[in-house]
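Novice: In order, the protein sequence lines correspond to chains A and B.
When we follow the numbering used here, the leftmost residue of the first sequence carries the number 873, and every step to the right adds one.
When we follow the numbering used here, the leftmost residue of the second sequence carries the number 13, and every step to the right adds one.
These are computed hints drawn from the structure, not numbers from a lab.
Note that the structure is predicted; figures quoted are calculated from it, not measured.
Every residue, glycine too, gets a C-beta built ideally from N, C-alpha and C.
There's no promise every hint is true.
[Unchecked claim] Which bits of chain A does chain B cover? Going by a derived footprint, with three or more residues having C-beta under 8 Å, they are:
no.	stretch
1	969-983
2	993-1004
[Claimed, not checked] For lysine-lysine, the following BS3-like pairs were computed, each having C-alpha atoms within a straight-line distance of at most 25 Å:
no.	chain 1	residue 1	chain 2	residue 2
3	A	K904	A	K939
4	A	K974	A	K939
5	B	K240	A	K999
6	B	K240	B	K61
7	B	K61	B	K202
8	B	K240	A	K1004
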Amino acid sequence: MSGLALKPDELDVSHGPILYLEGINLSFDGFKALNNLSLYIDAGELRCVIGPNGAGKTTMMDVITGKTRPDSGSVFFGQTIDLLKMDEAAVARAGICRKFQKPTVFEALSVFENLELALAVDKTVWKTLFAKLNGIQRDRIDEVLAIIGLTEQRSRPAGVLSHGQKQWLEIGMLLMQDPKVMLVDEPVAGMTHQEIERTAELLLSLRGERSIVVVEHDMEFVRTIASRVTVLHEGSVLTEGTMDEVQNDPRVIQVYLGG
Amino acid sequence: MNLFFQDKLAGSLMAVIACITVFIPLFNLLTPVDSVLHFSAYTVSLLGKYLTFALLGLSLDLVWGYCGILALGQGAFFALGGYAMGMYLMRQIGTRGVYGNAELPDFMVFLNWKELPWFWQGFNHFGFAMLMVVLVPGLLALVFGWLAFRSRVTGVYLSIITQALTYALLLAFFRNEMGFGGNNGLTDFKELLGFNIQSEGLRSLLLMATGLILLLAFGVSRWVMNSKLGRVVTAVRDQEMRVRFLGYRVEHFKLWIFVFSAMLAGIAGALYVPQVGIINPSEFSPLNSLEIVIWVAIGGRGTLYGAIIGAVLVNYAKSLLTGWAPEIWLFFLGTTFILVTVFLPNGILGLFRSQEQKL
Ligand SMILES: Nc1ncnc2c1ncn2[C@@H]1O[C@H](COP(=O)(O)OP(=O)(O)OP(=O)(O)O)[C@@H](O)[C@H]1O
Ligand SMILES: [Mg+2]
């Protein structure tokens, strides 16, 4: 596979969904982390996934992004691209990008350099050695800096940012990759009220041109952004629907209160 | 030039190396033997030896300081480069050996070998030998690194297998049947490119070559580390997973830097051998590779010139101490290492840098 992203016609979303997860099973030393999990994400959709601790939300993202291989089941990107045949780098190059639960940025590098590394260009060794930013790419980095509100911090090492700012920087790194699917694990953990509001605005503004899957425990936040919510419990989908439907579902109440 | 003078410390250090490289050999050629400006062949070779260690330290800093791979087998690449150079020098001895065999080095005659083994072919050509100086360590690093990085061996496990690698080579090179002179190694060299290997003139030239190559290696390494590749490598050190999920094949980057570093170490070894006059299996000793790590830690890792400072200082201290009280050298080294790790996590350079920031 080349260092470049997919050719435009390679991704087939003509049937609606951009991500197909079907019958996924995964156990860790006998413990079933994912249990016959099936889930479909539509192109352009913003989906929230909730569920108690240990429900398998992060593990699901690990499976989609090639970090963990399931014992059985299939994961397709569009109609044709089998994600289980690809490693992390290939999945990322194909346009599925991920923010980790614990914010992960390169602390020794500046904010600008963090975004530069994420830029969607050929990421092979030789191309990287001789890479030079052109005007368009610089503008794109500036644009993303403005979107994530870190323009003033551009030359500072990412290590000195606040927790919330690191979360944003990581979201900015996803934007730089120009992804088709963004998997966002607990984006507002550790953010202030205002920061949470701005994050909600940001994610809402991105909906449509990209598909976004957000895992979050903050129900207020989920209510603000989600049109569809999936509840995960013990490694499989418990229910799916609008926030109101889901919150009034007795099984969901049972899981959250009983758990 | 920018690459050399990015910060004041690096600039001054490079200027000092440039002066040593140019003036000491020049003085030696121009001044009479009894002049104060005249350095003895011993001093010249000692300086040259320190500079080869500086190059070796720099090579380790690339993989450890920047990429976070604590490679404890760097000495193996150094020794392989040294052996390649040693093989060339052995072939230059010709009929001047004890047995006067034009074709076979003495130790082969002694072993009753009738002809030169295939892997000694070509080493009578300087160009071929120099190619092997970089190719042999580079190839070993390529194969070893490919296997290790592809299976995602990291951290302590990687450190251990690199120690195992150099230890295995140590045992192999000790064996007479390997054809590298067994535990005596390769020595009794006569000439290099037609110059008498003992002569002051050649010693001066070797010092000059070592200094120039060190400066060149520093410049190239700086350029690499200032490139986007350098930033990716630093990112791998701090958050390997994040780099993968950005779409980089981390193992390719590790492999590239590992091979590049092994080649530099090989060149350092090749410059070392004619200046000390011998290469033997003890250069593969796991302890040697640990010492290189200590040089870099003491100098300050992840800066390139910290490694140079560390290598020269530690080896200068070693020359002093081993002359005076050899039995305490390892204790001294160990203690310094612990003190530096605890109190100066950024090495000696950390001291200067924090002062610079305060000003
Ligand atoms: N590498 C692993 N080895 C063993 N068990 C694991 C591993 N990864 C996850 N698990 C287990 O799988 C289960 C699901 O974990 P996961 O991290 O996906 O939960 P989650 O829904 O993301 O929870 P949280 O809301 O706390 O982040 C947990 O019980 C966890 O302990
Ligand atoms: Mg999780």
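Novice: Run every hint past the structure and note whether it holds.
Specialist: Quick rundown of the hints versus the structure:
With 9 residues bearing a CB less than 8 Å from a CB of chain B, the stretch 969-983 of chain A meets the requirement of three and the coverage assertion stands. For a cut-off of 8 Å, the count of residues in the stretch 993-1004 of chain A with a CB near a CB of chain B stands at 7, and the three-residue condition holds. Using a Cα cut-off of 25 Å, the hinted pair K904 of chain A and K939 of chain A holds, with the two alpha carbons roughly 17 Å apart. Of the pairs offered as hints, the one joining K974 of chain A and K939 of chain A holds, with about 16 Å between alpha carbons and a cut-off of 25 Å not exceeded.
Straight-line distance between C-alpha atoms of K240 of chain B and K999 of chain A comes to about 9 Å, which keeps the hinted pair within the 25 Å bound. A C-alpha spacing of about 33 Å is found between K240 of chain B and K61 of chain B, which places the hinted pair above 25 Å, so the restraint is violated. Taking the CA atoms of K61 of chain B and K202 of chain B, the gap is near 19 Å; set against the 25 Å cutoff, the hint holds. Pair hint K240 of chain B plus K1004 of chain A holds up; C-alpha atoms about 8 Å apart against a cutoff of 25 Å.
Checked against the numbered hints given earlier, the structure breaks only hint 6 and satisfies all the rest.
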